[in-house]
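*Asks:* Chains E and C, in that order, are what the protein sequence lines are. Reading the first sequence from the start, the letters are residues 0 to 431 in numbering that gives the first Met the number 0. Reading the second sequence from the start, the letters are residues 0 to 456 in numbering that gives the first Met the number 0.
Hints may contain errors.
Keeping only pairs whose Cα atoms sit at most 27 angstroms apart, straight-line, the calculated DSS-like set for lysine-lysine is [what the hints assert, rightly or not]: (1) E:K161 / C:K259; (2) C:K255 / E:K161; (3) E:K161 / C:K159; (4) C:K79 / C:K255; (5) E:K161 / C:K245; (6) E:K301 / C:K79; (7) C:K435 / E:K161; (8) C:K155 / E:K166; (9) E:K301 / C:K139; (10) E:K166 / C:K435.
Derived from the structure by calculation, the hints contain no laboratory data.
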Amino acid sequence: MGAKRYLPLLLLVFVGLAEAGPKVESWQTKRGAKVMFVHAPDLPMVDVRVVLDAGSARDGDLPGLAKFTNALLSEGAGDWDADALALRLEERGIELGNGSLRDMAWVSLRSLVEPDVLDVALGTMQKVLAEPRFDTGAVERVRQQMQIALRQSLQSPASVAKRRFFKTLYADHPYAHPPGGTEGALAEIRQGDLRQFHQRYYVAANAVVAIVGAVDRARAGQIAEQVTAGLNAGRHAPSLPAPPAVSGGELRETFPSSQTHIYVGQSGIARHDPDYMALYVGNHVLGGSSLVSTLGEEVRNKRGLSYSVYSYFSPMRVVGPFLMVAQTKNEQADEALEVMRETLVRFIEQGPSEDELEAAKQNLIGGFPLRISSNGKIVEYLAMMGFYDYPLDWLDTITGKLAAVDVEQVRDAFSRRISAPAGIAVIVGGSG
Amino acid sequence: MLKSITRSLLFALSLAALPALAQITEYRLDNGMKVIVKEDHRAPVVVSQVWYKVGSSYEPDGVTGISHVLEHMMFKGTEKFGPGEFSRIISALGGNENAFTSRDYTAYFETLAVEHLERALELEADRMRNVRLDPAEFAKEIEVVKEERRLRTEDKPSGKVFEQFNAVAWRSSPYRNPVIGWMNDLEHMTVDDLAAWYRRWYAPNNATLVVVGDVRPEAVREMAERHFGPLETSEILPLKPAAEPKQVGETRIEVKVPAKQPYLLMGYKTPIVGQSEDPWEPYALYVLSSVLDGGDSARLSRQLVRGSGIAASAGAEYGSYARLPGMFLLSGTPTDGHSVAEVEQGLRDQVAALRDQLIDEKELRRVVTQAVASKVYQADSLFYQAMEIGVLETVGLDWRLIESEIEAIKSVTPEQVRTVARRYLIDENLTVATLKPLPMDQQAASPATVAGGRHGS
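In isolation and in its complexed conformation, chain E is listed as follows (with noise of 0.2 angstroms):
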């Protein structure tokens, strides 16, 4: 009913939108490095986000190689340890960030635009993407709090569970394991595999600059040159392999808890996917818009199965997972299994309903101002955008290609993508 009543607004909104979007510029540096540059004026202030092909799909033989590494960065560069260059940073009042997923590992920057202070931010940050030090001490002390984070993920029954999905979806594939490593290789991995790794992924033509600040065309151009100047040329990463297919099943795992951890799901899409849009549409009526989503009203709203129930396609480089995720305590965790095993079913035979779709169209074409109204979003977009070679004009044409999706489309992607019985059902938790 709310649907219908809404629609009007839709075509207004969507036409306010047509050119919404920030003016993206993109150049390469002399390197060979992507930028992706965004002018906003209005703060006195500029964020860098230098983006490179070096998650822990590329850890290799050492799972959590590409997460010490680029943990390491900003553990001493150049002529500074790590003492030396967290004070000449925060004396300036400037933030350097940095992390590391499956796909992408990163490191931020947060300046005001004061020359003097932006000028040792970028003149810091390069020394950090090209000359990290990776002094013994340092390797030691990042060994050690990888070791802590990992035993602490042991500890919540969630990240047990979405450990086991990876390692049971993608089985010998580089997305197994997670970016946190493995206790045998953050024992394993010597000062000479992190040197190897920076040298051959922390290159330019790996890398992605994205920009967004009160400085001009000119000057983020400079700004660009600056941040990748130590870096070498390279190549970029080779391709992905292809991920498996595995077979669908069930897992239980015994946890020392109250709840039981749920996830439910199977492969899903890489980033160009031909159904992404379908599939994205659909998944917000499933369980993309929390509780105003189908799981939502299952699980949470009819039966208060569940505080926190979602589902999600992850698109990466290569073939990212599609899962389904609820908690509840032990002694309900069969009923939520079912009533998410129930619920998908239905969605793959039926799709949404007009209204359904209509409504998560709406939220999704009325809600895109916001997820560009910051500069700290904005960055994180075009680094994105970068990192996966959309087109320049992606995030002016997003809400078109959003606003084309119909039922019979979400249908038909659902009914080809996703079946219940390939999916993987991981339940950690205790017995009750």
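Fit chain C to the given chain E structure using the hints.
*Replies:* This is chain C only, laid out in the frame that chain E set:
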């Protein structure tokens, strides 16, 4: 050189933040509801937050968690709209909406394209006075809240430590109770309890509307008057004072739960803005916390995580804006080969050093510079800007403190930092909780089993 950097940063702030501050408009409706509007015209979006002066620190024993449960029920419909309708309407307008409950406040928010602001205000006004507390909906939702408690506290070692820590640190202050409530109280809560709580606190004269975004204050005022203006007031009876008796000795607790990694949490009772012996004390405590934990160059990282290497992580935390005095928190996780006791000693040594010696001028300048820069960075987030205003208003302070806090931080002297360390960071004022891991045996005892395997294509 440092000095000139600091000065130029302050110049940058005056460019960015001060004009923005000038764009805050405040007014009060005839029924007592306060409306505060901050203009930010960078994008055609708006955040709207309705803040109620009620949270877990308002709750008597027996119904702990009721403010949070009521927050959940506020999405279950009114006389006019069915359960979930609020969320569906906002969603179809492209908006995000949710709510959060804390010790001192309950707040409801919508973030949406600016042309839909009025619809959000209309819906918020409706549920301020007309919520429908249906017993059947309540019966399901209370189970959802229990699941939330299991997720956040029962099965999460750090959550468990925090809850146990507060429960022993406070003798009388309502901060001893968890925001989500004790499980026992959730089990015995009734829909009548909620109805009484709703009648008591949900009224325009106990609420503040904060709107930040691409709006004109006059337009927001008209909308607010249209929708909230007609709402009736309630008599809001003041709470009895909840003064915590003076602590007279260190308190310690061990928390034993299945876990793999030990952990330490320490807290010293400290004053807050508006309730301190000297008005500068909370700002001196802020500076002190940044000296310890204002980044990787701060003392805890430099000396405990690097330096001696006894901690894998160590942190300090202090909040100066609250309804009741809180604690200065310190936490840490030992590295292998070091004990929680060593981390505790390391943190105590850090505190002792602050009582004994003056902080360095350079450290002080670093803290001020970071505070100034983060003022600019924070202006990138509409939601943060609205939060800042809402918290101050709702805990009984004035949002104008946002304008003066940088000055207050800049005025702090090394002597004042030493003074607050000597006054408050003392053993008599301290509570220490340690997480003692119990074996997680069960996990190892049962290998994963696979059933119903089927080969995909």
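*Asks:* Work down the list of hints and note, for each, if the structure agrees.
*Replies:* Against the structure, the hints come out as follows:
1. With a CA separation close to 18 angstroms, the supplied pair E:K161 and C:K259 stays within the 27 angstroms bound.
2. With a C-alpha separation of about 26 angstroms, the suggested pair C:K255 and E:K161 falls inside the 27 angstroms cut-off, and the hint holds.
3. A distance of roughly 22 angstroms separates the Cα atoms of E:K161 and C:K159; the hinted pair therefore holds under the 27 angstroms criterion.
4. For the proposed pair C:K79 and C:K255, the alpha carbon gap of about 49 angstroms is over 27 angstroms, so the pair is violated.
5. For the hint pairing E:K161 with C:K245, the CA-to-CA distance comes to about 46 angstroms; that exceeds 27 angstroms, so the pair is violated.
6. Only pairs whose Cα atoms come within 27 angstroms are accepted, and E:K301 paired with C:K79 is accepted, the gap being roughly 20 angstroms.
7. Note on C:K435 and E:K161: the hinted pairing holds, with a Cα-Cα distance of about 26 angstroms set against a maximum of 27 angstroms.
8. With a C-alpha separation of about 23 angstroms, the suggested pairing of C:K155 with E:K166 holds against the 27 angstroms cut-off.
9. Between E:K301 and C:K139, the direct Cα distance comes to roughly 7 angstroms. Compliance with the 27 angstroms bound is thereby established for this hinted pair.
10. At roughly 30 angstroms between alpha-carbon atoms, E:K166 and C:K435 are farther apart than 27 angstroms, so this suggested pair is violated.
Violated hints, listed in ascending order, are 4, 5 and 10; each of the other numbered hints is respected by the structure.
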